[in-house]
Structure formats: structure tokens, C-alpha cells
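Undergrad: This is what each chain is made of:
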Amino acid sequence: MVDPISPERLTPLRPSPTPGVVSFDRETAPADFATQLRAQLEQVNRMQAEADEGIQNLIAGRNDNITEVLTSARKAEVAFSLLMEIRNKLVDAYTELKQLRV
Amino acid sequence: MWIDRLTASRTMHALELAARFAEQRQQVLAENLANIDTPDYQTRRLDPNAFQASLHKALAAARQDGQRRLKLRGNAQFATEPDGEIRVRPATEPAPNVLFHDGTNARLEQTLTDISRNAMSYEMSTSLLRGKFQNLLRAIRGRTE
Amino acid sequence: MIRALDISGSALTAQRVRLDVISGNIANAEVTRQEDGTRVPYRRRFVTFMTGDGQGGPGVHVDEVALDASPFREKYDPGHADADPRGYVQLPNVSITMEYVDALAASRAYEANAAMVGVTRTMIQQALRLFA
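Residue numbers (the working numbering), protein chains in the order written: chain Z, 1 to 102; chain W, 1001 to 1145; chain U, 2001 to 2132.
A portion of the hints provided could be inaccurate.
Each computed BS3-like pair below joins lysine-lysine, with the alpha-carbon atoms no more than 27 angstroms apart [unchecked claim]: (1) W:Lys-1071 with W:Lys-1057; (2) W:Lys-1071 with W:Lys-1132; (3) Z:Lys-75 with Z:Lys-89; (4) Z:Lys-75 with W:Lys-1132; (5) W:Lys-1057 with W:Lys-1132; (6) Z:Lys-89 with W:Lys-1132.
Everything labelled a hint here was simulated from the structure, so no lab data went into it.
Nothing here was measured: the structure is a model prediction, and the numbers come from that model.
Work out the full structure: start from the sequences and follow the hints.
TA: Here you go:
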């Protein structure tokens, strides 16, 4: 009797950075798309938080540099738009894949 | 309910308060300008710098407590109602050293400058507030326009 | 913020009344007889501003248009139709120069309040754009 394959026993397929050596170390494994995306998301969050702080300082009279504050707010907005477009494209790609007749 | 957390943000609340203050101040300035030739009229003053200082304190306190809504502490010139409304009690300006011959201390140039600054402050607050709303809508709709 | 518009509007009205009175003074600066023909010169009028819009609201209004009690001018002109036995004519207590200076102040105040109406209107429009 062959043991049934259970999902827990399956390990994800990943290209090895050094052939012949299996490594699951976070630092040496190449950043996959998911990790990169997550890092970009965190960066956009950071940009928005910084822009917010700039706005707060501006209207509370702490910072007189309108140009700096408005520019950083706009940059954060654009970065967020880019992230959202990426998400939209991913969703479109997934939908397309789902509809492929296999 | 989590839906009202959508617009609960320290920055948005601060922008709202700043805009409301400028709106109230507009009326005080209109009265000062209208009475520029009224003898013995004492101009009334709603100090924007004092308001900004209060706003800064409220922001710092909210940031520290992790609150999303600001608790603005009033001063001699304005008080905050429980529902967040700002009630103003403009102070009478201290009489300057030079009084005009008809007893008023209203100065046209100073009032015009105050009006300019107030209009600018209002435009800035409402502009940034509108931008925030647009961002939220964009994120909700998932579209970038 | 609409109330701010009303306040500026009350100022426009008040300054307009003031300008009208000044125009009347200038027009009558040499008039030596009353409307009914009596030999009494025109007496200068002036406005008194008072705070409030006259109906309990904020703003400004003209409290009264009063007669200036200062004495008439006297000029030696024996050929004048209204000269007295000594040859002097009583002329209105109006100084054209003073009236011009007053008119300048009135129109400056008028224009400033008119500009204020524009500013308030722009602010209201900005508020509306929060919605539309």
C-alpha cells in the first residue's frame, strides 16, 4: 500500500542558488515576486505616512515649506496609484489564466 | 463599526478643524473690514497662530495615544463643543499706540493682509482635504483616475 | 460663511450712502438759498456709521445723516445777488478739498469690501468642491 500524498508533505519547488545545495535560508534565497511586492507595499505605506506627517506639520504651523509637503504628498499618491495598477494587472492576468482551457 | 474608520484619520481631522477655523475667522475679518470707518469701533482678533499651536498639541497627543480623532483644547479665543464644533470668542485687539482721529484702531492694510492669509489657509486645507477624499475613492474603486 | 457676505454687503451699502452725501455736498458747495427761496445757504451733511446692520445682525450701517453745525463761510462779494448790506455773502460750510479726501476714503473702503465679497465667494466655492 502506497502512502497517500498529503499536502503537508509537499514542499514548494524553488530554484537553488547554488546547484547541488539545497538551502531555505531567507538571506541567500533570491527575492521572489511576492516578497518584492510586499517590500514595495511597505515602502508606499512609509511614503504615505511621511506625507501625512508633512501635512500635519504644515497646517499646525510647524513647517512653512509648502512645496516640500505638497510634492511628497503627490509622490506618495503616485506611488500608490502605481501599486494599484500592478494589482489590477495581476488580477487581470489571474482571471485570464483561470479561463484557459486545460 | 469599521466603516467610519475609513475617514478616521488624524490628518483628515486636523484639515477639517483648520478649515472650520478659517471659515469662522472669515466672518470676524469681514466685520473688521466693514467697520473700518465706524468711530470708536474696536477690531476683533482671532489669532491663527494660537490656533495652530493648539492643533499641534492635539496632534502630538493623539499620535502618542494612538488615537485617530483629535481632541482640540480651546484657548481664550475659541472653545470646542462636544460634537467637535469650534465656537469662537474673538478677543478685542489691544489699542495700538496710535489712534486714528475718530477713535478706531482698524487699519486697512493689516486687515487686508489678514484676509489674504486666511483665504490662503482655507484654500490649502480644503484642497488637501479634497485630495484625501479622492485618494480614498480611488482606492475603493480600484481605479487610478 | 454666508453671514460674512451679508456683513460685507452692509458695508457696501453704508459706504455708498456716504459717497452720495459727499456728492450732495460738492454739488451744493456754492448754493446760497434754500429750496423755498429763503436766503439761507446749504448746510453740509455728514453720515455717522454705527456697528451692526441696523436689524440686530453684524456689520455696519448709517445711523443718521446729520447737519454739520459749524458756521457758514463768509466771502466779501458785494456784487453777489445774496450779499448782505455790508457786502458779504454767506456760503455753505463745505470745503471741497475735505469732501474729496472723504470721497477717496469712502471709495477705498468700498473697493476693499467689494474685494472681500469676491474672496468669501471663492472660499464658498472651494467648500462646494469638496462635494462635487
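Undergrad: Output the indices of the hints that this structure fails to meet, ascending.
TA: none
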